[in-house]
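> Here is how the chains run, residue by residue.
2 protein chains.
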Amino acid sequence: MSAQAPAALFDQNALRRAVDTTLTEFLTRQARNAHRRGLPQQAAQVLGDFIQAGGKRIRPVLCVAGWQAAGGTDTPEPVLKAAASLEMFHAFALIHDDIIDASDTRRGRPTIHRQVGTEAAILIGDLALVLADDLLHTAGLTPAQLTAALPIANTLRADTIYGQYLDITHAGQPPAGPGPALTITRYKTAKYTIEGPLLLGAALAGTSGDTPCGLALSAYGMPVGEAFQLRDDLLGVFGNPDETGKPALDDLREGKATVLMALALQNANPTQRRTLVRNVGNPHLTHDGAQQVRAVLTDTGARAAVEDLIDQRCQMALATLDTADLPPHITAELRFLAFSATARTA
Amino acid sequence: MSAQAPAALFDQNALRRAVDTTLTEFLTRQARNAHRRGLPQQAAQVLGDFIQAGGKRIRPVLCVAGWQAAGGTDTPEPVLKAAASLEMFHAFALIHDDIIDASDTRRGRPTIHRQVGTEAAILIGDLALVLADDLLHTAGLTPAQLTAALPIANTLRADTIYGQYLDITHAGQPPAGPGPALTITRYKTAKYTIEGPLLLGAALAGTSGDTPCGLALSAYGMPVGEAFQLRDDLLGVFGNPDETGKPALDDLREGKATVLMALALQNANPTQRRTLVRNVGNPHLTHDGAQQVRAVLTDTGARAAVEDLIDQRCQMALATLDTADLPPHITAELRFLAFSATARTA
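From first to last, the protein sequence lines are chains Z and X. Oh and the first sequence: position 53 is 53 in my numbering, straight run, nothing missing. Oh and the second sequence: position 9 is 1009 in my numbering, straight run, nothing missing.
The following block holds chain Z by itself, in its conformation from the complex (with noise of 0.2 Å):
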């Protein structure tokens, strides 16, 4: 197929539309289908208000490109479906952590636990994550795609949870080094940013991964999901809050453990150390505090030996896709996502 594969096979702009469209849809028919029981639509509608309000739909992007790498054509309705229910989990995940790290601002509007209240903002994730399995459920996928996709759902489901576990466990303590915050990273974002909707849409066509197709896609997609991440640390702390949708204090208030900051304290003279120590983790912190943070990350060197981890795996990802034997238009897209998830500026 990849001598007749343009590269409209793959047009990231209609497939981002193509998933808002099925969101809408089935959020709209929940909310009415909960209305004409008697239960409350709000749930459903508050959730469909946050997944407008922005996002960049990179999980099912990429569970399409991993069905047409694994030789699926086009994007049918059952596999479109699939990968919006990806979109509906990491709604989930954004809710509860937001409620877990006592954000305040997402997507530039307020996170929905300032909407509604912890309690509401609780059961609206737990909605989520409920819709997203019924989502994938009755995207109309065969028997065998339903099987195949399950196992890889689930384990991107709790990896994620467990990521988060261990970041939590960490947040406000100093990191022991690059190891364990790198760890974090891999389990709470990696896998169900990149790797994980690449082998969900692979396992759609068929193919597992150990397959070379599969372990190809792998071996690209925990570099960029590592890279993706550690983009993200460093746009938490330097990010222009009016692209990133994000205060510029929230990271640094919450203290959490990044590969950044594990750096910075390993490679500190004893002034930076107390500098960090003192600030890092502070719920008062000030934008004067937060600045000589940031002149401590970047004095350290902490702040370029990132961009070094990054430029690697963003490197990693794209030898292997010189060797991988995927169709030219996917290898095409993946290299283009592995640079806009890595230099990104929101």
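Simulated from the structure, these hints should not be mistaken for lab results. Check before you lean on any hint, since a few could be wrong.
Claimed, not checked - With beta-carbon atoms standing in for the labels, derived distance ranges:
1. X/1033 to Z/52: 35 to 43 Å
2. X/1345 to Z/35: 33 to 41 Å
3. Z/270 to X/1056: 54 to 62 Å
4. X/1013 to Z/245: 34 to 42 Å
5. Z/211 to X/1117: 37 to 45 Å
Here a beta-carbon is modelled for each residue, glycine too, at the ideal position from N, C-alpha and C.
Knowing the structure of chain Z, use the given hints to seat chain X on it.
What follows is chain X alone, placed relative to chain Z:
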């Protein structure tokens, strides 16, 4: 099969033990796998301890009853695992409920969020929900069984969350009447406690909800489920904390919009109404205040009226069993369950 079906085919105690073993083995494996991959075992361990600390396993028992009601024999391992997944879902619902209700005690011990903090408890609840899926998906069901089970499981889950959402949006304000309170009861508890598990079990035996057997199970399950929750409401106010495992003041402090409270408000004179409004939903409610509320609930006849509602529902369920064409040993079990679910003290 009814001819060769002795009571021993449905040994509730043996079934409970088998469910417990299934859950313990599954969670031990989860914890071990997590540890092997550098992930925290604590989440699965805390969840396992919580499940083993108590619970009547009523949902798995009903699932197996539904299976046998629809012609299934014994309790094959896939059916046992599917049944156990309902208990895992129940753990999710309780853990998040307790956070939402700010409850301090459950099953005679500190609630999960009092043990590990709210952030970790949100994630342990999330993990329970994901693992409930995992246990169902890896139960070893046939594709046909899985296809039949998934929509029932999803509806049951979404309804529980919608019911809880309805509950919190009504909590703290005087209930508008017994009607809305009964809707909450129906969705928050009745469906996922009795009807859902029965229908899930029947579906595993190839019997859908619109067959005579499925309709009989619904006609039995809905009233028993409502009676179960109405009993729970009474126990929350009048129960013995040593038996219920929950503090005597929690439900009153929270101010749930129960049928009990709605009926009391409907029948109260101005003095009684003031007592209710002043005390119910008051987070600082004293034992003295609670005694005054209990007196009003009794004096207005609300307590007796709820006992009547429970009795009516129990009678409806028993009448259904009289006319339904279910295997005799299941009819006997369901009779017993109707009494034990609605006349219980814990």
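> Indicate, hint by hint, whether the structure satisfies it.
Okay, the hints, checked on the actual structure:
1. X/1033 to Z/52: 35 to 43 Å: Cβ of residue 1033 of chain X to Cβ of residue 52 of chain Z: about 37 Å, so the range 35 to 43 Å holds.
2. X/1345 to Z/35: 33 to 41 Å: 38 Å, holds
3. Z/270 to X/1056: 54 to 62 Å: 59 Å, holds
4. X/1013 to Z/245: 34 to 42 Å: 55 Å, violated
5. Z/211 to X/1117: 37 to 45 Å: Roughly 43 Å apart at Cβ, these two residues keep to the hinted range, so it holds.
Violated hint: 4 only; the structure is consistent with all others.
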